[in-house]
Amino acid sequence: MFSPWILSLQLILFPLFWRGLYTTETNPQLVLTDPVTTIFKSAVLKGDSLVEKVEILKPIDLELACTWTGNPNKLPNITGYWRKDGSEITNSRLTVQLENEQYNLKRVFRITGDTLGNYSCIFSDTDEAKIDFNVAAPEMDDKKDKPVVAYVGDSVAVACKTKLPPNTWLWYKANGTEQELINATTDPLRYKISVDGNTTKLTVMNLTEEDSGVYVCSAIYNIKASVSRVEVRVITFMEPLKPFVAIVAEVIILVLLILFYERWSSRKSSNSPTENGVHAEQTHKLTREGNNGMDENTTTRQRKI
Amino acid sequence: MSPAPASILRDTPPDGGWGWAVVFGAFISIGFSYAFPKALTVFFKDIQLIFGASYSQIAWISSIMLAAMYAGGPISSILVNRYGSRPVVIAGGVMCGVGMVTASFGNTITHLYICVGVIGGFGLSFNLQPSVTIIGKYFQVKRPLANGLAMAGSPVFLCTLAPINQFLFNQFGWRGSFFILGALLLNCCVAEQLTQTNGIPKKPTTDRSEAQVNGHNTQLEKGCLDNFNKFLDLSLFKHRGFLIYIIGNAVMFFGFFAPVVFLAPYALSHGFDEFSSAFLLSIMGFVDMFARPLTGLMANTKWIRPRIQYFFSFAIIYNGICHLLCPLASGYGGLAAYSVFFGIAFGMVCALLFETLMDLVGPQRFSSAVGLATIIECCPVLLGPPIGGALVDTFGDYKYLYLMCGAVMVSAGLFLFVMNIYNYRMLERERRQEEGQCFLKDAFIVIRF
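Residue numbers (my numbering), protein chains in the order written: chain A, 1 to 305; chain B, 1001 to 1449.
No wet-lab data here; the hints were simulated from the structure. Treat the numbers as computed from the prediction; the structure is a model and nothing was measured. Watch out, some of these pointers could steer you wrong.
[To be verified] Straight-line C-alpha distance at most 25 angstroms; calculated BS3-like pairs for lysine-lysine:
#	chain 1	residue 1	chain 2	residue 2
1	A	Lys163	B	Lys1045
2	A	Lys201	B	Lys1045
3	A	Lys163	A	Lys201
4	B	Lys1045	A	Lys161
Model the full assembly from the supplied sequences, consistent with the hints where possible.
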């Protein structure tokens, strides 16, 4: 119930005057050059479990190193093994010895497009302590779950952003289960695709109602493509016109009501005999003087220049 | 001798009845004026994308709107003095509405700057000024409470406009939302009808009665200032209380809004997620909503009302102390506690802002006074957050921002406190001098009648 307006409240008072104030943490750059290199990723576990994200751009050898500080009764030897996507990797069980008050476990994996997934190292003591590594292609930055609304004849812009720039960006229009590639060069009056490092923007111009639907942006990496979907809804100007007319009607009605009330009450007071009215005012004011004497003395004191 | 004979001709505010409808109208006007520029930021991301503009360029829309709203103060005062308040407020409401509707058809950023920023901003200021002024005409005894209730419009509207804007955006996109918001802003006209409908008997004014109301000094000044009053009451710059108010407030506003703007980023820098950081603002807004009318109620008591300027100074100093202690807050609980205290402090200052000015210059001159005050306060209000941001950038730590804001607020509060001690003493002395003269003049009036 709270999330949309809390998010918008955050957007409201978030740098109104000062821009771009907070910086997001950047992942350590995985700089990759040919031939197949080995990437080292390590993590230290102090509690029961930990989740780490590993973003891979191209096929590499990935060495995952896990360190566990152990539990209070530190046994000299425990069992350690690896899992991929929940199922244990065969022949991965090892005996891990306590060195410098820590347990260490490491293994090299060959990562390709098919072998992406969730790799976990598990230290098996009386309980299991594990570190999960989510090895995947870079994900899109912002999730779009609400459709973007635009109008017939207008243009709409949709953007996708990742943390690490891909080789290329591709845009598709989804038609049911099919995906149709959008080619901006063949249709420059309708589509415009701009790419700026790790951001891409698709502008669709001269919208018609057929342009409604799901648009898919695809970030092509060597290892796999990362996709994000956004829905565009094209509506006519009639739609906001209905609430607009309703509100204007409400305003006019209320204004007229208040005007009539004013006319009616002024006619009512002018109908009564004027002298009585003045007399009533005078006595009214005199009694008010009596009651407010104390306050008025103090306030007139302050109102003097 | 009682001053009753002369004051029969004086206009007494009803302090109730139709006055509460006026408070409600002012509530709506104040709500739209202060909350609308902030609530617009919901649309910025999409507008930024479609126009290919940077966040800076987009944020200027809100800044221009706020600047126009503050700068429009004296213009509004002049127009009200010239044409009366009714045409001005209706024009204000219509300007806002038309501005937003034309903005919905815009295709460039400049179009938005003009339609939303300039036209919308001026419309809001034409809206805001008379609504705030009219409270002084309807309330005397319960005026602080009425002011507090009316000022509560700002947080209430912010909390409601935010989800409404989000909903409109999801349903209709930014164009449709602007279109519908234009219609919503026309409701300001309804609010104005409420405030401008005359619920009090017409006052027969004579120069003598005015003098009785404002103290005998004004009787002399009325002759000279009759011409000035048609435009803008610049003699206010000779008014001791007004000068104290202006200087104190101008300093105060440098540190007033920056902590609000940076609360969420400060929390984010501590490692809390976006949702929790935004929730701190919700806490603050929620507490603010209740702090304002409660402050009005407190200020209305017979202990505080005569010393309301001290109460205002106390509120500002309390604000400053909150900021000075903020860097000591650790963990989410500490920040949440800070948000609560800050919400109370913020609400207290806002509720008393106009009440203290009314108390110093009186309802008659309030219209001009508030116009001059808003344009002078315009600079610190708009410069405060960017300066704060520059501090954060230079030192890389939010702590210095809070220390600066705290120091600024505490010194402004102390300045106001000390100067008001002086002002009250001078007023007391003048009152005693004039009481002697008044007594003699009253005697002459009675004899004449």
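Okay, the hints, checked on the actual structure:
{"no.": "1", "hint": "Lys163(A) x Lys1045(B)", "verdict": "holds (19 angstroms)"}
{"no.": "2", "hint": "Lys201(A) x Lys1045(B)", "verdict": "holds (14 angstroms)"}
{"no.": "3", "hint": "Lys163(A) x Lys201(A)", "verdict": "holds (15 angstroms)"}
{"no.": "4", "hint": "Lys1045(B) x Lys161(A)", "verdict": "holds (14 angstroms)"}
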